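Protein chains in written order, with our numbering: chain A, 1 to 150; chain B, 1 to 115.
Just so you know, the hints here were simulated from the structure itself, not pulled from any lab data. On a predicted model such as this, the values are computed, not experimentally measured, just so you know. Do not rely on the hints blindly, as some may be mistaken.
[Said to hold, decoys possible] Examples of chain B residues lying across from chain A (beta carbon under 8 Å, computed):
#, residue
1, Ser35
2, Leu38
3, Asn53
4, Pro54
5, Leu63
6, Asp64
[As the list claims (entries may be wrong)] Which chain A residues face chain B? A few, computed with CB under 8 Å, are given here:
#, residue
7, Thr23
8, Ala25
9, Tyr54
Where is the CB? At the ideal position from N, CA and C, for every residue including glycine.
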Amino acid sequence: MTQETKENLVITQTYDIEAGNFTKAGEAASNIKRLLRQLGIDAKIVRRVSIAVYEAEMNMVIHSVGGTLKIEINPDEIVFKSQDSGPGIEDVELAMKEGYSTATDLARELGFGAGMGLPNIKRCSDHLIIQSEVGEGTYLEAKFIISKEG
Amino acid sequence: MKIRTVKELLDARLIVGEAFLDQEVVSACGSDLMSDVLAFVKEQTVLLTGLNNPQVIRTAEMLDVSAIVFVRGKQPTPDIIEMAVEQDIVLLSTDDTLFEACGKLYQGGLRGGVK
Numbered sequence: 001m002t003q004e005t006k007e008n009l010v011i012t013q014t015y016d017i018e019a020g021n022f023t024k025a026g027e028a029a030s031n032i033k034r035l036l037r038q039l040g041i042d043a044k045i046v047r048r049v050s051i052a053v054y055e056a057e058m059n060m061v062i063h064s065v066g067g068t069l070k071i072e073i074n075p076d077e078i079v080f081k082s083q084d085s086g087p088g089i090e091d092v093e094l095a096m097k098e099g100y101s102t103a104t105d106l107a108r109e110l111g112f113g114a115g116m117g118l119p120n121i122k123r124c125s126d127h128l129i130i131q132s133e134v135g136e137g138t139y140l141e142a143k144f145i146i147s148k149e150g
Numbered sequence: 001m002k003i004r005t006v007k008e009l010l011d012a013r014l015i016v017g018e019a020f021l022d023q024e025v026v027s028a029c030g031s032d033l034m035s036d037v038l039a040f041v042k043e044q045t046v047l048l049t050g051l052n053n054p055q056v057i058r059t060a061e062m063l064d065v066s067a068i069v070f071v072r073g074k075q076p077t078p079d080i081i082e083m084a085v086e087q088d089i090v091l092l093s094t095d096d097t098l099f100e101a102c103g104k105l106y107q108g109g110l111r112g113g114v115k
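Same shape as in the complex, but just chain A (with noise of 0.2 Å):
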C-alpha cells in the first residue's frame, strides 16, 4: 500500500490485488475503512464506500488476474477506482443484472458469487462508471458526495 497527501487535501492510497488470495481478500478494504473513519466521516458513508470496496475487491480477486484498487479522497467526495489486467467482462450490462454470475465453485464455497456484486456496488454509490475490454481488463470508478449526507 502507498499513501500520498496533496496541498488541496487530497488523500490518496493505492493498494495491489492479488488473484484468488482468499485469505488476504478484504484487507484493502478493511484498511480503506479504517482510514474513512479516522478522518471523521459520516459512518452512514463510511459503510457505504466500505461495501462497494469490499465487494470490487472480492470481484478481482474471483474474476481477475489482478490489479490495482485506489481511493482518492478530498472534502467533497470519495472516489474508488479499480482497474485489473484481465480477463474483462464480456456483457458488462449482463453483469450488473442481479443474480448473474460467472464465479467459481470455490468462490461459491466461501459464501460469494451470488451475482449481487455489481449490483451492490451501484446501490451504493452516488456515480459508477464500468468499462471493460476482453482481453484488457476492467476498470471501475465509484463515487461517493460527501456533503450530500452532511
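Using the hints provided, position chain B relative to the given structure of chain A.
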C-alpha cells in the same frame, strides 16, 4: 434485544466479545451467502451463519454487524477469532441449526430488518 439475550435464547457459547454483550441488536439475518448479506443487511444486526471462514468476519466488519452466531456447533479457527477481536465483533456458537436458531430469535421478538 441485547446480544446477551441472543446468547441465552440460543444456549450459545461465547467465543469472544464479553465486553459487548450488553450492546443492542435491532435485527437478525440468517445466511450462508455473504453476497446476499452484503446487499441487504443493516447495521446493529446479528448474523447467523453456517459458513466458517475469514470472509464472514470481513463481511460483518464492512456492514458494522455487532455479533455473529455460528450454527451447528461450528468453532472458528484462531485467525478468524483474532480478526473478530480487532473489529470488536462478538462471536457465539450454538448447537442449533440455522433454521432453529433463527426461529428462536424470531420468537424472542427479533425481526429481519429488511424492508
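Check each numbered hint from earlier against the structure, then list the numbers of those it violates in ascending order. No hint contradicted; all consistent.
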